[in-house]
Amino acid sequence: MADITTTASANRARSASENPVKRFFRATEIDTRLLGMVGALLIIWIGFNILSGGLFLTPRNLWNLSVQTASVAVMATGMVLVIVTRNIDLSVGSILGFVGMSMGVLQAELLPQLLGFNHPAIWVVTLACGLLLGAAIGALHGSIIAFLNVPSFIVTLGGLLVWRGATWFVTSGRTVAPMDATFRLMGGGTEGSIGATASWIVGALACAAIVATIANSRKQRKRFGFPLRPMWAEYFLVAIGCALVLGAVGIVNAYPWPVAIARKFADANGIAWPDGGLFIPHGIAVPVLIAIVVGIVMTFISTRLRFGRYVFALGGNPEAAELAGIKTRWVTVKIFALMGILCAIAAAISTARLNAATNAQGELDELYTIAAAVIGGTSLAGGMGTIAGAMLGALVMQSLQSGMVLVGIDTPFQRIVVGMVLVVAVWLDTVYRARAK
Amino acid sequence: MTDTTRTPLVELKNISISFGGIHAVDNASVDLYPGEVVALLGHNGAGKSTLIKILSGAYKRDGGEILINGEAADINNPRDAKKYGIETIYQTLAVADNVDAAANLYLGRELRTPWGTLDDVAMEAKTREVMGRLNPNFQRFKEPVKALSGGQRQSVAIARAILFNARILIMDEPTAALGPQETAQVGELIKQLKKEGIGIFLISHDIHDVFDLADRVSVMKNGQVVGHARTEDVTKDEVLGMIILGKVPPKAIPGPGAMQTA
Chain U
1 MADITTTASA NRARSASENP VKRFFRATEI DTRLLGMVGA LLIIWIGFNI
51 LSGGLFLTPR NLWNLSVQTA SVAVMATGMV LVIVTRNIDL SVGSILGFVG
101 MSMGVLQAEL LPQLLGFNHP AIWVVTLACG LLLGAAIGAL HGSIIAFLNV
151 PSFIVTLGGL LVWRGATWFV TSGRTVAPMD ATFRLMGGGT EGSIGATASW
201 IVGALACAAI VATIANSRKQ RKRFGFPLRP MWAEYFLVAI GCALVLGAVG
251 IVNAYPWPVA IARKFADANG IAWPDGGLFI PHGIAVPVLI AIVVGIVMTF
301 ISTRLRFGRY VFALGGNPEA AELAGIKTRW VTVKIFALMG ILCAIAAAIS
351 TARLNAATNA QGELDELYTI AAAVIGGTSL AGGMGTIAGA MLGALVMQSL
401 QSGMVLVGID TPFQRIVVGM VLVVAVWLDT VYRARAK
Chain B
438 MTDTTRTPLV ELKNISISFG GIHAVDNASV DLYPGEVVAL LGHNGAGKST
488 LIKILSGAYK RDGGEILING EAADINNPRD AKKYGIETIY QTLAVADNVD
538 AAANLYLGRE LRTPWGTLDD VAMEAKTREV MGRLNPNFQR FKEPVKALSG
588 GQRQSVAIAR AILFNARILI MDEPTAALGP QETAQVGELI KQLKKEGIGI
638 FLISHDIHDV FDLADRVSVM KNGQVVGHAR TEDVTKDEVL GMIILGKVPP
688 KAIPGPGAMQ TA
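These protein sequence lines map, in sequence, to chains U and B. Counting in my numbering, the first sequence runs from 1 upward without gaps. Counting in my numbering, the second sequence runs from 438 upward without gaps.
Hints may be right or wrong, so weigh each one.
[Claimed, not checked] With a straight-line cut-off of 25 Å between C-alpha atoms, the simulated SDA-like cross-links for lysine to any residue are:
#: 1; chain 1: B; residue 1: Lys583; chain 2: U; residue 2: Arg304
#: 2; chain 1: U; residue 1: Lys334; chain 2: B; residue 2: Trp552
#: 3; chain 1: U; residue 1: Lys22; chain 2: B; residue 2: Glu580
#: 4; chain 1: B; residue 1: Lys579; chain 2: U; residue 2: Lys334
#: 5; chain 1: B; residue 1: Lys579; chain 2: U; residue 2: Trp232
#: 6; chain 1: B; residue 1: Lys579; chain 2: U; residue 2: Arg435
#: 7; chain 1: U; residue 1: Lys334; chain 2: B; residue 2: Arg516
#: 8; chain 1: U; residue 1: Lys222; chain 2: B; residue 2: Thr554
#: 9; chain 1: B; residue 1: Lys579; chain 2: U; residue 2: Ile301
#: 10; chain 1: B; residue 1: Lys583; chain 2: U; residue 2: Trp232
#: 11; chain 1: U; residue 1: Lys219; chain 2: U; residue 2: Arg306
#: 12; chain 1: B; residue 1: Lys583; chain 2: U; residue 2: Thr328
#: 13; chain 1: U; residue 1: Lys222; chain 2: B; residue 2: Met560
#: 14; chain 1: U; residue 1: Lys334; chain 2: B; residue 2: Leu548
[Claimed, not checked] Stretches of chain U that chain B covers, calculated by requiring three or more beta carbons in the stretch to come under 8 Å of a beta carbon on chain B:
#: 15; region: 221 to 229
#: 16; region: 321 to 331
[To be verified] Per label pair, the in silico range of CB-to-CB distance:
#: 17; chain 1: U; residue 1: Ala381; chain 2: B; residue 2: Pro687; range: 44 to 50 Å
#: 18; chain 1: B; residue 1: Gly457; chain 2: U; residue 2: Leu428; range: 43 to 49 Å
#: 19; chain 1: B; residue 1: Ala584; chain 2: U; residue 2: Ala215; range: 44 to 50 Å
#: 20; chain 1: B; residue 1: Ser586; chain 2: U; residue 2: Arg435; range: 18 to 24 Å
#: 21; chain 1: U; residue 1: Arg223; chain 2: B; residue 2: Gly457; range: 53 to 59 Å
#: 22; chain 1: B; residue 1: Thr554; chain 2: U; residue 2: Pro151; range: 30 to 36 Å
The set of hints was computed from the structure by calculation and includes no laboratory data. Predicted, not measured: the structure shown is a model, and the values here were computed from it. Where a beta carbon is used, it is the ideal one built from N, C-alpha and C, also for glycine.
All chains should be built: construct the whole structure from the sequences, respecting the hints.
Structure (structure tokens):
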């Protein structure tokens, strides 16, 4: 106990000599890196909003942005673990394509023959098969990397070609459409959004979770006599968290259904068409909800489970992990299998959104996924990275792309900008890390 | 001091291992009794670290056997060794730089809550307790090990080894990276652990580091054991003669690697 009191007084002594900004960050324990990314995101958003004459920061555009980000954000959470262990996965786009095409054929051609058209179980069976297929492909890659000692760069570069080729062979290049009606909900759209009331409920639950998490962490620290955050910092974090959640729900609830669809809905349900038009909010899109759940689960896995601890230890010092008795090969296999599962989820989102499975689905997604993880602070040297950072990185990438489309920049120039942003972001990160040392 | 009628805590018998045709360790035998410190000496590349990595499970031996308390032990990986209470502090420290002290102490043996999640708070509490005993000035529990000084990293590595009630402790060049004050601390710690009945292998290429701490020395040269001697029976110069020339003094027991005198 004596040490703890001395630490506390030392901290007080240290904080007294600091300026208010530093003291604020120490008290709230906010990651300044993450804050920097939020700042960059805000600059991008406001910049494009001005350039596009106020088109960017509209509920409609932000809602679309959230849906467009979902698929890459899901894969980026897995890419973090892959890169943390000093590996790389270049095959995620091709796995997405292959699993997407397989799920397309399964739900549009095979299962209707077995179960009957529009059978309610089709989407579940399809999704389960897709997840299994993704896991199997990932585990195969992982096994080759871990047990045959082939570098991940080569294994997944091979995978990139193999699975893209395999995608073509499933239907000889034919596009498969349409998808099952329930399956399609995973892609968003007016149907695939949960509406205003449910969105507010989700928002309220999220706020309750924020309060519970912060209260619980304070209780735990108190129980073992660790230094506590000051009370005002706790309240501040709760307030910021809840404001962000409720603000986001407010925005997606401010985006109404298109008039034509709303009118069709009104006619079908016998609602009289009011003069000002019927305002039916979208609410949170299902793919966004999926991405958020994936983000929470992956954060839990990487910070609260033994597996996550091993992943980071392995990335920090593979030899030490091995000597500590960790089965490092199995950890590698599990990471790639998990990556495969996430590719399958992303495949479900993107085929559902497109309402078709095509040959080119997921092309270049590996690069966007890696870029999202790296922009989000995952170090290619291994050992460092966060799930939240990677998802934010995906949002930054997608914001840039959507923004450029909105402003009317040509596709070739879009790529030039995205490429340069990636290099500059990693350079800034290197500078930041060098100074933090 | 060494009571030869007792069963040794560890006996490595006729151990051999080769890497690509080179006999890194050739027919080497060493033993260790409870509460005893045995210094394993030899030049760089003499095979000391390799021999000891066989005991700690990092390498698989080609031949020979390992006896723990007189019974044959089956050690094929670091997990097996830990089951026998063998803990190792490696020359490279073998800490994961990017996680904090508690995560390193419990690496591979994490405490978990009833729900199967990591019990970080309990691990940190225990870490604070153990580190408080070893190095009372240590306060940087939340920072990754990378941010610590050489001595602090060393105390993390030692804390990890003693946290799980080791019976056999292997220290590979434990003071190589340390300043004089920290070296003295490690010396104190070794004496304390010895009192608790733990057997300790000290590996070093520098005789001055370990001569005063050790009860016995075993000297290796070119992968073979030159000989064993009790430190009270030999001088530092005689041990140096064993290390450099393989010349065995009269009171030492010669091994297979001893210089053949005509």
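Against the structure, the hints come out as follows:
1. Taking the CA atoms of Lys583(B) and Arg304(U), the gap is about 22 Å. The hint holds against a cut of 25 Å.
2. For the hint pairing Lys334(U) with Trp552(B), the CA-to-CA distance comes to about 21 Å; that is within 25 Å, so the pair holds.
3. Among the hinted pairs, Lys22(U) with Glu580(B) is consistent with the structure: their alpha-carbon atoms are about 18 Å apart, no more than 25 Å.
4. Taking the CA atoms of Lys579(B) and Lys334(U), the gap is about 28 Å. The hint is violated against a cut of 25 Å.
5. Proximity of Lys579(B) to Trp232(U) is assessed by CA-CA distance (about 22 Å); at most 25 Å being required, the pair is judged to hold.
6. For the suggested pair Lys579(B) and Arg435(U), the alpha carbons sit about 19 Å apart, so the restraint of at most 25 Å is met.
7. A hinted pair counts as satisfied when its Cα atoms are at most 25 Å apart, and Lys334(U) with Arg516(B) qualifies at roughly 20 Å.
8. In summary, the hint linking Lys222(U) to Thr554(B) is supported, as the alpha carbons are separated by about 20 Å, within the 25 Å threshold.
9. Of the supplied pair hints, the one linking Lys579(B) and Ile301(U) holds, its CA atoms being roughly 20 Å apart against a limit of 25 Å.
10. As the CA atoms of Lys583(B) and Trp232(U) are separated by approximately 32 Å, the hinted pair breaks the 25 Å bound.
11. Among the hinted pairs, Lys219(U) with Arg306(U) is consistent with the structure: their alpha-carbon atoms are about 23 Å apart, no more than 25 Å.
12. The straight-line distance between the Cα atoms of Lys583(B) and Thr328(U) is roughly 21 Å, inside the 25 Å bound, and the hint therefore holds.
13. Between Lys222(U) and Met560(B) the alpha-carbon distance is near 15 Å, which keeps this suggested pair within the 25 Å criterion.
14. Between Lys334(U) and Leu548(B) the alpha-carbon distance is near 21 Å, which keeps this suggested pair within the 25 Å criterion.
15. Proximity of the region 221 to 229 of chain U to chain B, defined as three or more residues with a beta carbon under 8 Å from a beta carbon of that chain, is established by the 4 residues found.
16. A stretch counts as covered by a chain when three or more of its residues have a beta carbon under 8 Å from one of that chain; for the region 321 to 331 of chain U and chain B the count is 6, and the coverage holds.
17. In this structure the supplied range 44 to 50 Å is violated for Ala381(U) paired with Pro687(B), their Cβ-Cβ distance being about 56 Å.
18. Remark: the range hint 43 to 49 Å for Gly457(B) to Leu428(U) is upheld by a beta-carbon distance near 46 Å.
19. At about 30 Å, the beta-carbon gap between Ala584(B) and Ala215(U) misses the expected band of 44 to 50 Å.
20. For Ser586(B) and Arg435(U), the Cβ-Cβ distance of about 20 Å falls inside the hinted range of 18 to 24 Å, so the restraint holds.
21. Checked against the given bound of 53 to 59 Å, the beta carbons of Arg223(U) and Gly457(B), roughly 55 Å apart, stay inside it.
22. With their beta carbons about 33 Å apart, Thr554(B) and Pro151(U) fall inside the hinted range of 30 to 36 Å.
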